[in-house]
Each structure stands twice: as structure tokens, then as C-alpha cells.
Amino acid sequence: MRRFITIITLLSVVSLSAASISNSVSTLPSLFSPLETYSLVTPLAEMHMDMGITYANEGQYELAIDAFREALKENPDYLGAMLGINKCYKLMDNYPRPDFSKLDYLPGASESEIHYTQAKQKIVNNDIKAAIIDFKKCLDIDPTHLKAQYNIGIAYHVSGEISSAITAYKHAIEQNSQNYLAWESLGIAQASKKEYTKAEFSFKRAIDKNPGLASAHHSLGILYQRRGVVSKAKKHFNLAVAMSPQNPLYKQHLAEILNN
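Yeah, the sequence shown ends on 260 if you go by our numbering, and it's all consecutive.
Please keep in mind that the hints were generated in silico from the structure rather than gathered at the bench.
Hints are supplied without guarantee of correctness; some may be wrong.
[Said to hold, decoys possible] Pairs of lysine-lysine, DSBU-like flavour, derived with a Cα cap of 35 Å:
1) Lys129 with Lys170
2) Lys251 with Lys194
3) Lys232 with Lys198
4) Lys209 with Lys122
5) Lys251 with Lys137
6) Lys234 with Lys170
7) Lys137 with Lys90
8) Lys137 with Lys194
9) Lys234 with Lys137
10) Lys90 with Lys194
11) Lys136 with Lys122
12) Lys129 with Lys204
13) Lys209 with Lys129
14) Lys170 with Lys136
[To be verified] Restraint-style ranges between C-beta atoms, simulated for each label pair:
15) Ile114 with Glu62: 31 to 39 Å
16) Leu91 with Lys251: 18 to 26 Å
17) Lys136 with Lys193: 21 to 29 Å
18) Ala242 with Thr144: 33 to 41 Å
19) Lys198 with Leu146: 20 to 28 Å
20) Gly160 with Asp140: 19 to 27 Å
21) Pro245 with Lys136: 37 to 45 Å
We put the beta carbon where it would ideally sit given N, CA and C, even for glycine.
Could you put together the complete structure from these sequences and hints?
Now the structure itself:
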């Protein structure tokens, strides 16, 4: 069975060789959580997102698409949900181009907003390099565009330009220190460069800003597990599962550490 993996799992596979990752695993080129957008994700949207991931992992792609669409109703800017739908169509070998009409910009929209919307459309189409160009154009016109500043970080991250992603996330945090998604994404990027002390700080800042952020607790659990701090790893895995009980990855990692 093909499985979805969120970019949050990047932290859990950082030290693995490419050969050790099964070819059957399908990854979404996006953050599911945060790996979405700067628009802060509502609890209901996150619940639908978790359901979509669970259904997708089980191969129930039509149900997954329905759940991802419910997440989009709550947060129209939820790029992770858009990419989830896109990926499900591909895995079903039934790939009509999804209709994301809410991405259309309104007549009279500012030039920066037009570039931002075009960048989102290109991310949906998995054209990440082109999306980066449009995010840059948006930021050239409006350097304070918070969503563009965060999402260009995601685009860099997905394309493997980790140093550029870290710079973008830091700029997003400078503009709004309450952006817990940027803090969490920064931690993931830092962990991928094996900057574990910095990553720990960033994950903790994300949790300070949003104590209910299950994915940050999960990432901290992995980080502590790698360091051999089992008690703290168990604590954060337990918190992640309590906050997002439908997420199969969180439950798997908790079970593994409890059984060892």
C-alpha cells in the first residue's frame, strides 16, 4: 500500500539513507502540518486534515479527498489540503486537474496579491521553482506580505534549498513572532541540517505560541528519542497522540518507544 508522509516526518528520517526508504512510499511535496500556509489552521481544519491523511494511508482516496475538501472549507489557503487532493487523484490513476476556484484572485487585486495567488496555483501543480519566482515577485512589491514570506520558505524547503528556507522562516518570524507555523518549520529545517539544539529551541517556541500544536510535540519527541532522553520523548509523543488521536504516525512512534 502506498502511504502518505507529511514533511513533518522529515525529522524522523533525517539520518536515514535514501536506500532505506521504501520506493512504495509516496511523499507530498508540501508541509501538511504546518506545511500549509501562514493563515493559522483552525482545530476543525486540522481534524479534517488528520482524517484525510488517515484515509489516504489506508488507500481510501475518495474519502481522503472529501476530508481534505472539508479542511479547505475551513481554511481556503490550506496548501497541504490542496496538495492532498492533488496527490490522491494521482494515486487513484484518475487525475483530472482539481478545481481550486478559491485560488482565483479578484478583479482589482493588487499586483503583489496576483503574484501570490499565481505562486499558490503553481504549488498546487507541483511547479515549485516557478512558485518561488512568483513569491519573490510578490515580496519585491510588498516585503511585508506575511503569507508570501512564510510560504516561500516552504517552497525552498520542499525544493531542498534548506538554508534559503531557514532565512525565509526567520524573516517571517521577524515580521510576526507569534507565527507558530514559522517557528515549527524553522525547527524542521534546522533538524534536517542536524542543528538539533537550535531545532529544539524552535519547536519549543512553536509550542509556546500554540500549546496544542501536536506536530511540534511529535517532532520534539523524535528529537529527544535521538538524544536518548526517553522520558521526554514519551511525554511529547503522548501529548501528540492526545492532541491528534487520528494521526497514525504519532500513534506508531508512541507505540514503538513504549515497546522498547
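Now for the hints, and whether the structure bears them out:
| no. | hint | in the structure |
| --- | --- | --- |
| 1 | Lys129 with Lys170 | 21 Å, holds |
| 2 | Lys251 with Lys194 | 25 Å, holds |
| 3 | Lys232 with Lys198 | 17 Å, holds |
| 4 | Lys209 with Lys122 | 30 Å, holds |
| 5 | Lys251 with Lys137 | 41 Å, violated |
| 6 | Lys234 with Lys170 | 29 Å, holds |
| 7 | Lys137 with Lys90 | 30 Å, holds |
| 8 | Lys137 with Lys194 | 31 Å, holds |
| 9 | Lys234 with Lys137 | 44 Å, violated |
| 10 | Lys90 with Lys194 | 33 Å, holds |
| 11 | Lys136 with Lys122 | 13 Å, holds |
| 12 | Lys129 with Lys204 | 31 Å, holds |
| 13 | Lys209 with Lys129 | 31 Å, holds |
| 14 | Lys170 with Lys136 | 16 Å, holds |
| 15 | Ile114 with Glu62: 31 to 39 Å | 34 Å, holds |
| 16 | Leu91 with Lys251: 18 to 26 Å | 22 Å, holds |
| 17 | Lys136 with Lys193: 21 to 29 Å | 23 Å, holds |
| 18 | Ala242 with Thr144: 33 to 41 Å | 37 Å, holds |
| 19 | Lys198 with Leu146: 20 to 28 Å | 23 Å, holds |
| 20 | Gly160 with Asp140: 19 to 27 Å | 23 Å, holds |
| 21 | Pro245 with Lys136: 37 to 45 Å | 40 Å, holds |
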